[in-house]
Amino acid sequence: MIAACAPAAFAATPASGAHAHEQAAGSPALRLDHGRKWATDAPLRQGMARIRGLVAPQLAAAHGGRLEPADYAALATKIDAEVAAIVKDCRLPPEADGVLHVVLGELLAGTGTLAGRTAGATPVDGLVQVVAAVNTYGRYFEHPGWKPLAEAH
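In the working numbering, the protein residues as written are 15 to 167.
These are computed hints drawn from the structure, not numbers from a lab. As the structure is a prediction and not an experimental result, all values here were calculated from the model. Worth double-checking, as some hints may not be accurate.
[Claimed, not checked] Below, a list of computed lysine-lysine pairs in the BS3-like style, where the Cα atoms sit at most 30 Å apart:
1. Lys51 <-> Lys161
2. Lys51 <-> Lys102
3. Lys92 <-> Lys102
4. Lys102 <-> Lys161
5. Lys92 <-> Lys161
6. Lys92 <-> Lys51
I would like the entire structure built from these sequences, with the hints used as guidance.
Rendered as structure tokens:
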């Protein structure tokens, strides 16, 4: 049985209600598929590659203090759009879908912080969250040629 990566409501409201589907399914956790990374499909690989491609060039500027709040917010908007496309287009078996929900939830938490929607946190904190989520994806999902992002800040 093939399941969508997330329900339509998840795509429509990425920053809120993101975990409704996974909670109903029993709160999935990050785990491997019997010791192996989960299989992916083309929409997932393409979307995650685009997210990585959006984040990677911003890291040096962020580390150098050269990004403004508007730059972080724009990055959040672009990442949110990619997450919505993944949700819309990718199809994974239910167990892999549940693990992916955890990663996408981490990404959306990070973009919320990037966009300034998390009280007491800075956009840099959001970038750290996004980088961690991108790297978590690479640890749990098979993606030929995937390279993690540098996490040091």
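Hints, one by one, checked against the model:
1. Lys51 <-> Lys161: 15 Å, holds
2. Lys51 <-> Lys102: 22 Å, holds
3. Lys92 <-> Lys102: 15 Å, holds
4. Lys102 <-> Lys161: 25 Å, holds
5. Lys92 <-> Lys161: 20 Å, holds
6. Lys92 <-> Lys51: 27 Å, holds
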